[in-house]
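Asks: The lines below spell out each chain.
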Amino acid sequence: MWLAWRNLNHDRFRFLVTIVGIAFAVFLMIFQGSLLVGFLRASSKSIDVTDADLWIAGRGVESFEFAAPLPERFYDIAVGVEGVEAVYRMTLGFAFWQKPSGMRQSVLLIGAEPGTGSQFPIPYVDAGQTSVASEAVLVDRSNARTLGVDVVPAGTEISARRAQVVEVIDGFGTFFGTPYVFTGYADAVRYLRWPGDAIVFLIVRVQPGHDPQEVKRALQRKLPEVDVWTRDEFSRRARAFWVRKTGAGGAILLVALLGFLVGLVIVSQNIYATTMENLEEFATLKAIGARRWYIQKVVLTQALACGIVGSFVGLLALLPLMEPIRNTISWIDMPWWLPFGMIFVGLLMCVLASVASIKKALAVEPARVFRA
Amino acid sequence: MAEEISITYGSGHAATPALRDVSLNFFPGRLVLVMGPSGSGKTTLLSVLGCMLLPDQGDVHVRGQSVRGLSESQRVDLRRHSIGYVFQAFRLFRSLTALENLVLALDVAGRAKDGAKAKAEQALAAVGLSDKWRLKPGELSGGEKQRVAIARALINDPPIVLADEPTASLDWRSGEGIAAMLLRIAKEHGKLVVVVTHDPRMTPFGQRIVKMEDGRVVEDAEQG
Ligand SMILES: Nc1ncnc2c1ncn2[C@@H]1O[C@H](COP(=O)(O)OP(=O)(O)OP(=O)(O)O)[C@@H](O)[C@H]1O
Ligand SMILES: [Mg+2]
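One line per chain: the protein sequences are A and B, in this order.
Residue numbering for the first sequence follows the working numbering, starting at 1 and increasing by one per position.
Residue numbering for the second sequence follows the working numbering, starting at 1001 and increasing by one per position.
Treat each hint with caution, since some may be false.
Stated by the list, open to error - Pairs of lysine to any residue, SDA-like flavour, derived with a Cα cap of 20 Å:
(1) A:K99 to B:R1094
(2) B:K1113 to A:R371
(3) B:K1119 to B:T1097
(4) B:K1113 to A:W2
(5) A:K245 to B:R1094
(6) B:K1113 to A:H10
(7) B:K1119 to A:W2
(8) A:K297 to B:K1119
Just so you know, these hints were derived from the structure itself, not from any lab.
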């Protein structure tokens, strides 16, 4: 199939334009894909890192970030339900963070009890994760600058009460602009100054040997005014909220689709132009007895050769940029399968782009070879 | 072999009858010249004989096989295995070298296995171009291009070779060389060679001359 290669090589400028077009499309698709994957993971991260089997949330609550308080007595009711091993309280809400500069920054303050999960950020005193440091908070590295935290420990005030940043953590950067600040449950209640009930989520661990679905139904019967979800259900619900209901997912997908379409048009244009330019040669191929498949193969090889080189260039262009991008968009996430998937989509795009050209090449009248 | 073939281009007022009831028989080992004024239907006849055009009426038989009854893809197979073509405009692949042009023809016939390169080299040597194998068509003279084209037409060893005005784009010396080469192909390799030409220089090489006028055969004579 070096005929295909040589045809491409014949007009190097066009080949270059094609490759840039594909590289651009693949770059954009991988980038947007990483945004979407990162966004999906980030929007349910605080739920996914808990060890809980079940989550109890206010009726109709759709995400971790936007939730309403539950009556305090629900805690005692939940503890008493058959099959429940332990219940942990979690509260969260928006509060003002005093920056050293004197400016105030709105933050999402989250307080949870030990037991919520070993991966869940809580400022513990000890490595055994038993007691919580008081007036201590954790912030994510990607939000440290916004919050004016240069070194730890750093003193600050939240809602005019003293607090100390004891550690900078990773992987909990905000994806919607307002930084997360993690602390213990009791401190969070004080900082948030809830007038009455402070519990926002009850996190339930089921006794070994009990079916979580069974316990979920039992809890739902005892607490008809709330929603009870398994952790995975609530995680999916939160993702669906952020991706679909806020339109953020749609926006990301739209840009990825645009990348695909722009790439498709560029590749189609160039493969078509190359085919038209070589139409006489396709007629000769037909005249000397080339089968349909042979001609399809030549055009397809041209398209796929562009596709492979272009995808590779796109990926090579993206990889060195990932680090700086990660510094600005901390939650972006490129799983290993994403580049492969998008390169596959890019190749598919090239195949699609050659359809018109293949039709043209196959339709050429072999008898024209005798016309000078 | 052609049987009472007729072909009309277009329809209604614009209809041009290009061939009218042409019947011809051809035999292996002969160089046949088809001559006649411009527009007399020579190229059309060659397209029909070459199984690229189906006649409106009549039929063509290639080695006993009726072409009319064949499907499009069967005609492609027939072209590939039975007929070699030489064109006035050479029609080599411009981005490929002389050698690669021949390997491509082997590849089209599904014969680009190992040994293809050696076979192509041998074919180039047979037309006296061993030293020009790495040149592209743009770097070859007209006569050299036509020799590569003849090598290509022969590389899959078809029993029939069809040539349309093979010398029209060449000067006198190269033209004569090509004519001699075509005659040798007929005589020594026992192939049927049909050459459409305006070129009176070709006349001495023809073993049989078919004269056409206005879509009809007006003269058909063996010579020498
Ligand atoms: N594709 C076509 N569409 C319409 N008419 C055609 C077509 N090809 C040939 N003709 C007509 O058919 C007639 C015969 O054409 P043909 O090309 O066979 O002549 P020719 O003998 O090869 O002429 P020349 O010596 O100029 O090559 C001419 O009148 C020509 O105008
Ligand atoms: Mg002609």
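Asks: With reference to the structure, classify each hint as holding or not holding.
Replies: Against the structure, the hints:
1. Under the criterion of a C-alpha separation no larger than 20 Å, the hint pairing A:K99 with B:R1094 is inconsistent with the structure, at around 71 Å.
2. Of the supplied pair hints, the one linking B:K1113 and A:R371 is violated, its CA atoms being roughly 33 Å apart against a limit of 20 Å.
3. Among the hinted pairs, B:K1119 with B:T1097 is consistent with the structure: their alpha-carbon atoms are about 15 Å apart, no more than 20 Å.
4. The hinted pair formed by B:K1113 and A:W2 meets the criterion: a straight-line CA distance of about 14 Å does not exceed 20 Å.
5. This hinted pair does not check out: A:K245 and B:R1094 have alpha carbons roughly 57 Å apart, beyond 20 Å.
6. Annotation: proposed proximity of B:K1113 to A:H10 is violated, straight-line Cα distance about 26 Å (limit 20 Å).
7. As the CA atoms of B:K1119 and A:W2 are separated by approximately 18 Å, the hinted pair is consistent with the 20 Å bound.
8. For the given pair, A:K297 sits about 24 Å from B:K1119 by alpha-carbon distance, which is inconsistent with the 20 Å threshold.
In the structure shown, a violation is registered for the earlier hints numbered 1, 2, 5, 6, 8, in ascending order.
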